Structure formats: C-alpha cells, structure tokens
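Q: Sequence:
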Amino acid sequence: MVDKRHDISERLSAIAEEIADLALESLRGSIEAGATKASQGEKRLTQARRAVEKAAHLLRSDLSDS
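Numbered by the working numbering, the letters in the sequence shown go through residues 1 to 66 in order.
Everything labelled a hint here was simulated from the structure, so no lab data went into it.
Any given hint could turn out to be false.
Computed list of lysine-lysine pairs in DSSO-like fashion (alpha-carbon distance at most 27 Å, straight line) [as the list claims (entries may be wrong)]:
(1) 37 / 54
(2) 37 / 4
(3) 43 / 54
On a predicted model such as this, the values are computed, not experimentally measured, just so you know.
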C-alpha cells in the first residue's frame, strides 16, 4: 500500500508540473496580448496546481507517518 501511495504522489507531482507549464503558457499569451493582469484561466490553473501539489504532499506526509 505504501508503494501505491508513493506512486500516486509522484504522478500528482508530475501533473502539478504540467499544470504549471500550462499556466506559464497562458501567462505568456496574456503578456503578448498586452494584458497587465493574470487571466482568470491562468488563476484557475494556478489554483488547480496548488490543489494537486497539496494532495501530493498529503500523500507523502502520510507515508512518513506509516
């Protein structure tokens, strides 16, 4: 069971990195379009990334408690 939680945590970390890349692409597009603020889409991507990072962290914390 520990290995499975570790695997899920690793996958979540990879997903968080992918979401971060999407957010950066969105931010670059906004800047190129002349925007001075982050778009709602970029903000949602950042929020999603943080949630996924939190889930990965919680799984890793659970592993150290086992």
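Q: Does each hint fit the structure? Answer for all of them.
A: Okay, the hints, checked on the actual structure:
1. The hinted pair formed by residue 37 and residue 54 meets the criterion: a straight-line CA distance of about 25 Å does not exceed 27 Å.
2. A distance of roughly 40 Å separates the Cα atoms of residue 37 and residue 4; the hinted pair therefore is violated under the 27 Å criterion.
3. For the suggested pair residue 43 and residue 54, the alpha carbons sit about 17 Å apart, so the restraint of at most 27 Å is met.
Violated hints amount to a single one, hint 2; each of the other numbered hints is respected by the structure.
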